[in-house]
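Read top to bottom, the protein sequences are chains A and B. Take the first sequence: its letter number 472 is residue 472 in the working numbering, and every next letter is one higher. Take the second sequence: its letter number 185 is residue 185 in the working numbering, and every next letter is one higher.
Heads up, some of the hints might be wrong.
With beta-carbon atoms standing in for the labels, derived distance ranges [stated by the list, open to error]:
#1 A:V78 / B:D533: 54 to 64 Å
#2 A:F335 / B:K353: 47 to 57 Å
#3 B:E1035 / A:F173: 28 to 38 Å
#4 A:I430 / B:K353: 53 to 63 Å
#5 B:Q280 / A:S185: 34 to 44 Å
#6 B:E1035 / A:T189: 54 to 64 Å
#7 A:F335 / B:A781: 30 to 40 Å
#8 B:T734 / A:V78: 48 to 58 Å
#9 B:G988 / A:V78: 26 to 36 Å
#10 B:P93 / A:V165: 30 to 40 Å
#11 B:N688 / A:F335: 40 to 50 Å
#12 B:T1057 / A:V165: 33 to 43 Å
#13 A:V78 / B:V1018: 18 to 28 Å
#14 B:F98 / A:V165: 36 to 46 Å
Note that these hints are calculated values from the structure, not bench results. Where a beta carbon is used, it is the ideal one built from N, C-alpha and C, also for glycine.
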Amino acid sequence: MSHAADHSAPDRPAVLAKVQPLKVLPRKPLVLNNRDFHWITEKICRIVEDPAPTWWWVCFFVSAGLATFLGFGLLWLVSTGVGVWGLRPPTFWGWDIVNFVWWIGIGHAGTLISAVLCLLRQKWRTAINRASEAMTIFAVMCAGIFPLFHVGRVWFAWWLFPIPVSQAIWPNFRSPLEWDVFAVSTYFTVSVLFWYMGMLPDLGTLRDRAVKTWRKYFYGALALGWRNSTRHWRNYEMAYLILAGLSTPLVLSVHTIVSFDFASAIVPGWHTTIFPPYFVAGAIFSGFAMVLTLVLPLRSMFKLHELITQHHIDCMCKIILATGSMVGYAYAMEFFIAWYSGNIYEAFTFINRAFGQYAWAYWIMISCNVISPQLFWFRGVRSNTALVFVICLFVNCGMWFERFVITVTSLANDFLPSAWGYYSPSITDIFTFFGTMGFFSMLFLLFVRFLPMLPIAEIKHVTQAADPHFHPDDAGHERSAHSAARPMAVAEGGHR
Amino acid sequence: MKLKFNHPAPSEREATGPRYWRSLDELAETPAFKDWMEKEFPAGASMLESNDRRNFLKIMAASFGLAGMGLAGCRQQTRHLLPYSKQPDRVIPGVPVFYTSSLPGADEHIPLIVETHDARPTKVEGNPSYAVTGGATNVYAQSSILDLYDPDRAQRSSRADGAPVSKDQVSDAIKKLGADYGANGGAGLYFLADKNNSPTRAKTVQKLLARFPKATWAEFEALDQNNPERAAETLTGRRTRPIYNFAKATRVLALDSDFLHSEPGHLGYAKGFAKSRRIQNGADADPEKMIRLYAVESNFSLTGANADHRLRLATSAIPAFAALIAAEILAQRNAGVSASAIAALKQAGSALKVDAKWIAECAKDLVAHAGKSVVVAGAQLPVELHQLVLLMNMALGAVGSTVTLAGLPERPATASLADVAKAIDAGQVKTLFILNGNPAYNGPGDLAFTSKLNKVKDAKGQIFRYGYYGRQADETSAHSDIFIAGLHYLESWGDGLTWDGNHVPVQPMIMPLFEGFGELEVLGMLAGDGKPDAYAYVHDTFTTLNPGKSFEEWLAVGVAGSSFAAVGASAIPANRVADLAAAGAKFDLPAVDANHLEVRFVPGISWDGRFANNGWLQECPDPMTKLTWDNAIFVSPKLAKEKFPELLPEGTVMSKGPLGLLSPQARMNDNTFVTGREIARVAEITINGRTIKGPVSILPGLANYTLVVPVGYGRKRAGSIGNGVGFDAFPLVTSTGNACAATGAVMRLTGDTYRLANVQEHWSMEGRAIIREASVDDYKAHPEFVREMDVEAHSPPIYGKDKDLSPQDKATQIPRGASMYETPANNKPMPNVAVWNTPEGLEKFPTPQQWGMSIDLNTCLGCTACLVACQAENNIPIVGKDQVMRGREMHWIRLDRYFASGPTKDGAYADADQLPEDPQVNFQSVACQHCELAPCENVCPFMATLHDDSGLNTMAYNRCVGTKYCANNCPYKVRRFNFFDWNKREIGEFYKGPLGPDFYDTDASQLTRMQKNPDVTVRMRGVMEKCTYCVQRIEGAKINARVKARDSGDTKVPDGTLVPACAQACPTDSIVFGDVSDAKSAVSIAKSSDRNYAVLGYLNIRPRTTYLAKIRNPNPAITGPGEAEQPLSRQEYDTRYGHKTEGEAAKPAPAKASAAAGAAKS
């Protein structure tokens, strides 16, 4: 970087002394304390290689226990009938679809962080992208359970795929649920590929460091023969870019299509054109909240403060603030449109949401989603990790209630008052939902335990050490963190 | 045989010439090479050679054997279809056979046609040959088929210890009875039977009594409905029945009468009533010709629901009211009644505080239409009141025109239950023979008949019991010494009379499923007939009653002419008014207020408890209260506000108005069901020391201090369905006095709560234009009013020049919607068959008929017969109370009931957002509307619900995986989901899944499955279902039409030959079904009415079921709170959404507003 050129060189043309380079605001370092490559490798690989801490075991058994609820819940559901859930006419979709949309929304942040921010050259994404991608994948898995199992005869769910079978009946391509199948499965596939692909160099590192035989085989198989050659790096970077390009529209499309489940129906409260952007904003909102919910505890447990810095948290809080305000705008706009449309059914639905029998859910949603993130305007709040964590929990909760409000209140009081009803979940609904939470945390804990939680190679990209113009004695100058490092040099830490 | 290939020996030249060889092996001539050469083909070609044929066969046999052993488990069980070796006449497998019969009843038999499949009855329909009901049925007739296959019915006769008794032993026991009592003429022999109007039974009973002249024959009905006849008898001196002809009437006053629903003859009455209420177009609307119904009642009956003016009044005040209005009518008509008598009548009713103007105007209206007006009183009211009613009708000139007096066949007087009880107390009863009925359960509380039965036993007396339900399913049978199993009416011979005296048969459709006796057989045996033959008895009666007519033809047609004698109006002496007036005590007014409540007993869904084990009935929502599986103590909102405020709904912010932000008009009405279930408080009612306990529910529209209690619930021994459903109110009923209302009751809330299964959680239409109604005057002035309501008033689903086309044109000719998907046009041949699209092609292959339905809200009474008929036709399961509380009832037809309480005429918004005290009520039967642009279809990812070329929204159960998306997207919410295996699991076992018992494995299942309609799939869990317009009937009719058409191409199903089950059952013909593409079909004519509208038509979903708006005919002279020139729901709509019709908007609010409003509030 030219502006970082050495002013004290004796043979410099004199004219250069007159040139005053533009004052560039210093960028915040993405890895604190000028840590070198080896330290980073050690820090991240140790998480996987050291014996699991006690808290990990406690958490793992608790979440595995919780995950059995999911198993039993689904077993009972499939063997007995959908009636074990609390669904009741007119609310044919209840917690099942609420949970589906909620989980899918959470599954947005990962790919957004890894793909969209990658393309936008937001280097601060590196510290958190791996964990959030893992979160995405596990969240989509949890999400997929609900639409799959909420059907009456799950053993025929494969009819959703356009397979030329003897029945000669195609699925209905006009149905938003069919679009969901394609959207979610594509998203899941691409996310998994992206996640796994991105992990290859780090898996190579883990393999090379492995001492125990099973680890050698385990990581050896997973690393797909990663040899750290330039050719590998070249292909890797190309593939990474392509997948980032592929994922970016998917980030927008998945939740857009999920919102079509509602928007293309005629139910008042569902039938609105605002849904796609509103859902995507909400998904990013909830996704980032979930990333923070997961990353903040891990950061303090594994002492990752130098890798996941206050700057990272700041950035995420700002995104939460922005998307939370968008969601709030959407809530307001829904009311306006309901009034402006002159449609009495629409108008009633929205007044009823706010003041009817489900008003409690609506106001939980508003206070969690619209009011609580506004605290992020204050730097003091953003830098208070505990407060950030609590607000993120509120946002998670609020986004669940948003889906509940949309799904349930619209159905419960739609066109004909004679068909109105009040939905409440059964114990099985509740257990199944918490079961997915257990399933999710179990998978996430396994991920933390067995895979590199932070991208080793990528973090090295953004260290000061990766800057070829970097000189340790230059410490007084703030170095740009986004210097283009040569991959070979970055990955060097893996070969010691 | 293995052939050796011998290499030819080398020729000499070869032997001597240079030697060529192909391999070293050949050169060396090794044995291995020689051996190899021997084979015709090289290696691998003859692998099998190592196995000779014997070996080969061995291996093959072994592998076949193994394969056979392994595959045996994969074979399906072999079942043999045995065709008839000799085909019986008229039996074609798969084609149902229909027989005539009739539903027995105490006062009338309802003529029926019974559909049988392979000799098992599956469905009951009204007999259209009987013009009075024209093929209508009620819920009891429809559900009676289920009782035939009730697993809890008595399957054997039995002794007191429950040991089975054979038919011969029963005959012997009866013979012994004859021998025992033959000598003393039957002294000490008591018979207690239900009422039945069968002439054959009457004859057999006479024979029996001739054999035992000293025996006592008593008859008992818990819900006696014969007071009008008793009153007529006192006036005419002979058994006389007043029969009304509402088709001729234009003004009707109903005094606590439910003649449209629960009184005998109601099917014919409903039909006549609907006939005078039907209007085609605004131009035909005439308040003079259209019937106007005034109702005065305590309960909110269906008759009251259909009234144009309804006055809430305690039942005990009805006689006083009748005296007042009779005085008015007699005075205005100058019917030759002395002024003193009229004054005495007025005096008799003077204590009653009631709107005098209402009475005066009502009387004036009746008098002005003399000859076409009629007064009807509830059958439970006292005889003196009925006498007065008859005299009023005479004065109104009704007798002979709107009232016919029919002379009933004379029958000897019978004893009553009270007489039998008295005899038991006196120790006179040696043998008690109870035929049918269930006095141990539904006997009046003061008789305590169960203890009487024990008394008989204590005195070493013997109790014979003949009944359909045995010891486990009947309280009376449980007390018997000898229980004789009875037969269902579809298994036995009999006969009966319709309400107007037509002789109808009761024909068996099926051999008795279990060992039992027909009632006539038992009576015949008792009468001394050694080999009783019910068929012969009926034949004999028929020839006596209908000399010269063919018995076979009677069985085929199902009805013979009336045998009632005509009684002239002159039979009634007019001067009886004076006597009645003198007997003013009969019109006394007992004190009824918040501390002295009146209890009004009304028949429950199982009538007097006799149908308690019928699941269809128990799950059939009461039309007014929408309760299933329970009765309740119904109280008026006023009583709740005054005395029991804890009963009132809490309401939400929405109903109270958040911080006063919502205007009263925008508020939602109070909802009792904030938790989804009705959680009722339990109360005790005490009268004269007798107490009953039950849940309390608020029902708008009741008289202020009347508690309405349905009877027939709370049976302890009714069977698996009926046990413990609701609470028993019979302990409060007395054998003396007014059996249907008691006064002086005290209600006290206990601390308990109880959950009620209510299928409709919200009572208000919220000002939406779902049911559109107008008063007849307004309709006349604005015949287009339905089009000016709801959102489509601004954006009609069909725009431009086509918006005024007839519905059938819209349905078939207009491109359907602006969809990006091409929707096939229904009046064109299939797009891929080009040759059809020619004149010749269209003639040869006519386009499919387009099915549609019209429901006339103006004549729909809310009787719910359509709902049960649909259940019977379409194999709709019941789901039990628990699941109904979860809203999962499966009825394809939902009968919506809305209370309306708009602003009253004075502009006050009295109880608009609270439970209304004096509401108007509307009914709307909602099933799948078969939208042409059905929103359910495009959202199904599996293509399980699709449109067919005749406009049906079809449902492929096989393809349905159950995403339930279609149900969410259905704006009418008419799709039903099988949350559990309703058919495979029993009620109460749903949540056990595979761990619970499989109902299909039980014996009971063998019985209940016989009822199922073989033309309709029984749905499994996880699939969606809904109304199909009875597609099985449509297909049947199409097949018939094609068979008939042969090669002619005239395959259209003629109009009227195809009727879905709901339309067939409808007593008022409100439901019309047919081809909407044929402008001449009945349904097209109905839809061409200017009252025709589509509910939620603005959604552009274009439903094939459309509704005809309701027209009320209020008397403009009657004003006051609750009386308005426009129906209340219409006013609520106008106020809340401001879509006033032009004339309405201009009209200023009447001036006298505030005074009346003040009165209403105070």
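Flag every earlier hint the structure violates by its number, smallest first. 5, 6, 9 and 11
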